[in-house]
Amino acid sequence: MAAGSRRGKLAYKILFWFLLISVGPVLVVGYNLVNISQASLRKETLSMQESLAVGFSDTVNKYVMSLKNVIADTAALEDFSSMNAAKQQQYLNRILQVHLAVLELSVANAQGQETLRTGRFLEPNPKLRDVEEEEWFLGAMKRGQYVGHLERFQGLYPALTIAVAIVDPEAQPPRPIGVLEAKVSLNGLSTMLSMEFPPAGKSVAAVVAPDGFLVAHSNLKEVYRPDARLPDDILKIITTQSNEKGGGEISMPDGSRLLGAYSDVRDLNWVVYVQQPIDIANKTAAEMTRQTLTVLGWVVLCILLLSLAVANHITQPVRLLRELADRTGRGQFEGDLSDIPSPTNDEIGDLQQTFLTMRDSLKEKTGELIHAKQELERFTKFLEKRVDARTRELKAAQDELIKKERLAAIGQMASVVGHEIRNPLAVINNSIYFIKTKLGQASAPDPKVAKHIKIIESEILQANGIINEILTYSRQRDLKPERVLVNNWLEELLSVYPFPPHIAVEKRFDPANPAIEIDTAEMQQAVRNLIGNGIEVMPQKGTIHVRTARQADGNVLIEIGDTGPGIPPEVLDKIFAPFFTTKARGTGLGLAVVRKVMDRHRGRVDVESAAARGTIFRLYLPAAWERRR
Amino acid sequence: MPSGKLPKLLIIDDDAHLRESLAEVLELDGFECHQAGAAEAGIETAKKIDPDVVIMDIQLPDSSGFQICQELRKRSKATILIMMTGRFLSAEEKKQGFELGADEYMTKPFDLAELSVRIKQLLSRNKI
Chain P
1 MAAGSRRGKL AYKILFWFLL ISVGPVLVVG YNLVNISQAS LRKETLSMQE
51 SLAVGFSDTV NKYVMSLKNV IADTAALEDF SSMNAAKQQQ YLNRILQVHL
101 AVLELSVANA QGQETLRTGR FLEPNPKLRD VEEEEWFLGA MKRGQYVGHL
151 ERFQGLYPAL TIAVAIVDPE AQPPRPIGVL EAKVSLNGLS TMLSMEFPPA
201 GKSVAAVVAP DGFLVAHSNL KEVYRPDARL PDDILKIITT QSNEKGGGEI
251 SMPDGSRLLG AYSDVRDLNW VVYVQQPIDI ANKTAAEMTR QTLTVLGWVV
301 LCILLLSLAV ANHITQPVRL LRELADRTGR GQFEGDLSDI PSPTNDEIGD
351 LQQTFLTMRD SLKEKTGELI HAKQELERFT KFLEKRVDAR TRELKAAQDE
401 LIKKERLAAI GQMASVVGHE IRNPLAVINN SIYFIKTKLG QASAPDPKVA
451 KHIKIIESEI LQANGIINEI LTYSRQRDLK PERVLVNNWL EELLSVYPFP
501 PHIAVEKRFD PANPAIEIDT AEMQQAVRNL IGNGIEVMPQ KGTIHVRTAR
551 QADGNVLIEI GDTGPGIPPE VLDKIFAPFF TTKARGTGLG LAVVRKVMDR
601 HRGRVDVESA AARGTIFRLY LPAAWERRR
Chain X
1001 MPSGKLPKLL IIDDDAHLRE SLAEVLELDG FECHQAGAAE AGIETAKKID
1051 PDVVIMDIQL PDSSGFQICQ ELRKRSKATI LIMMTGRFLS AEEKKQGFEL
1101 GADEYMTKPF DLAELSVRIK QLLSRNKI
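Chains P and X, in that order, are what the protein sequence lines are. Residue numbering for the first sequence follows my numbering, beginning at 1 and increasing consecutively. Residue numbering for the second sequence follows my numbering, beginning at 1001 and increasing consecutively.
If we strip away everything but chain P, and leave its shape as in the complex, we get (with noise of 0.2 Å):
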């Protein structure tokens, strides 16, 4: 699961915690545990150690106990006190022959004469000695009996003197009258003790007298040595306790560590000494360490493993509502909630609870939002479209009301001077017309006079036809549309202007004959002004060309061309505007007025011209509506 790999902070935080508090005091427990056991084993290895020293001690008393008591007993045979040599010899024989150990017997009297001796590596009849002197005898004599004197006999075995006096039976109180003494070899102890402690093995057990004779050993090669020793170091420590017995850790020179024991041997004042290398006992101690350690190592998995279950049960709805907030934080409300496991009966069911429904609370809000913003939205874009459309329109308006302005202001203008010239221009006339007549009354009138009264006549026409223009232009009137077929119209007012001869007319009319809708004065002050124009720049010759067309968007199209010398690229843009003239006398009013008078219609005109082959007006107007017969 993509998500498991995720887990979030507060899993490993509760990890954390359960393993501190868990695993923690495991580990100290074993820790200790180990520790303990490792010193338990150790002291219980060493008690060992110690209890079979001790036990071996027992062994070796008894061993020596029981050839004394041998001795002793013999020593206390009413047939051996009474000196007879010959029983004597046959009791010594008989011990040689049982006691394995006994190396030599001999006897001695009261006077330390060596009464008998045998022995076992003796030749029979050996030479007797006088034993006065020593130590075994003196100690017999005295105390009754006599356990010491250890040496190499023939220099290899250990082996121990024992002697015992011999009492006489008779006396009151006893007296000795002689010792017998015994020679024991010591080999069976280092036999016993090699069968305890084998070779092979790492332990090692000896039996040491005081001043370091090595009385027997576990290893039988380490006897037979004339100087057989036990290291100084270990001899140093074991002669110097001051307990019967006891053990502990030895660090040897060489730096290995041994664990050794010792028990006194009662009686011989010999001690017994057990080791072993400490490895042994740490041996045991690792090996249950190891152990320990590996159920530890379980304890831990299992730890481990039940915290991640109860950490990711735990989190698991925590996460899961973080991931499911987090889609509510972007929006998103349409996840699958069937993820989302149902409430548990606890703070984090409540709390799962309690988002859900702000999260549901939240989702119908947003949705009120979004559908408000998207409201907004559209009222926005419904104003923007209305503005435009107003602004265009006042634009519009505004356009047209300037330009109404001005052509107001200038009809206004027109209107004023137009008027104001009229009255000096009616004076005048009036005035020429006077003279005029009196002038006709006269007998014979100056034919020159005559002519000059002609001039003024014509001028003040021309005048009074350019403030007609001006005034026709500047005019605020209502259209008065009319509906003509446009062929017919055409043919009429050509019909009756006044063409000059050298003028030819060219007339192509659409056979569809369009009716169009019109201010009939107002389109004739246009057609004729177009007319006008052209006769005037073809004052040789020339011909105008009237044509009619329907157009295919429906509008009517009313050409006047002519044959002139074309107007100049450069001057063709400003023709219709009011003012503008490049004739020597005109008001520059005509192609206004053509301009004027095709907007009132709601139609167009533009001009094509082309030097030397003439100019070509073309009128357009919207087509009448087709009317039912």
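Because the hints were derived from the structure by calculation, they are not lab data. Computed from a prediction, not measured in an experiment: that's the story for all the values here. There could be a bad hint or two in this list.
Unchecked claim - In silico DSSO-like links for lysine-lysine, alpha-carbon gap of 27 Å or less:
(1) P/K404 <-> X/K1094
(2) X/K1094 <-> P/K480
(3) X/K1008 <-> P/K436
(4) X/K1094 <-> X/K1008
(5) P/K438 <-> X/K1074
(6) X/K1120 <-> X/K1074
(7) P/K221 <-> P/K202
(8) X/K1120 <-> P/K436
(9) X/K1048 <-> X/K1008
(10) P/K541 <-> P/K507
(11) P/K438 <-> X/K1008
With the hints as your guide, set chain X onto chain P.
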């Protein structure tokens, strides 16, 4: 109107030159011409002389020509009333003028020969 007597003509206009030139031209044609420079003076003169023809400007300093026209028509149905104008008159204005009693309109400057003929025509119709 007794024959042999010249027809009486009243010209009402604030422009003295126009008045005089017009009067003198028409006198040549055989009219007895009177003049007035304003509406009030014109009406007064008309009361006094009882003109056969009144030629008046539509625009006068103290009144509109139409008002004089209305006033004079009230006084006499026979008087020929001719309106002079320096500007274009709309059809509506013309119609209004005719309803108030105007007989003819003339736009300045006017053809005096035509005017003279037209006045004589109107006068002769009145005689019948």
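Outcome of the hint check:
| no. | hint | verdict |
| --- | --- | --- |
| 1 | P/K404 <-> X/K1094 | 25 Å, holds |
| 2 | X/K1094 <-> P/K480 | 17 Å, holds |
| 3 | X/K1008 <-> P/K436 | 24 Å, holds |
| 4 | X/K1094 <-> X/K1008 | 25 Å, holds |
| 5 | P/K438 <-> X/K1074 | 38 Å, violated |
| 6 | X/K1120 <-> X/K1074 | 23 Å, holds |
| 7 | P/K221 <-> P/K202 | 15 Å, holds |
| 8 | X/K1120 <-> P/K436 | 20 Å, holds |
| 9 | X/K1048 <-> X/K1008 | 11 Å, holds |
| 10 | P/K541 <-> P/K507 | 17 Å, holds |
| 11 | P/K438 <-> X/K1008 | 22 Å, holds |
The structure does not agree with numbered hint 5 stated previously, though it agrees with all others.
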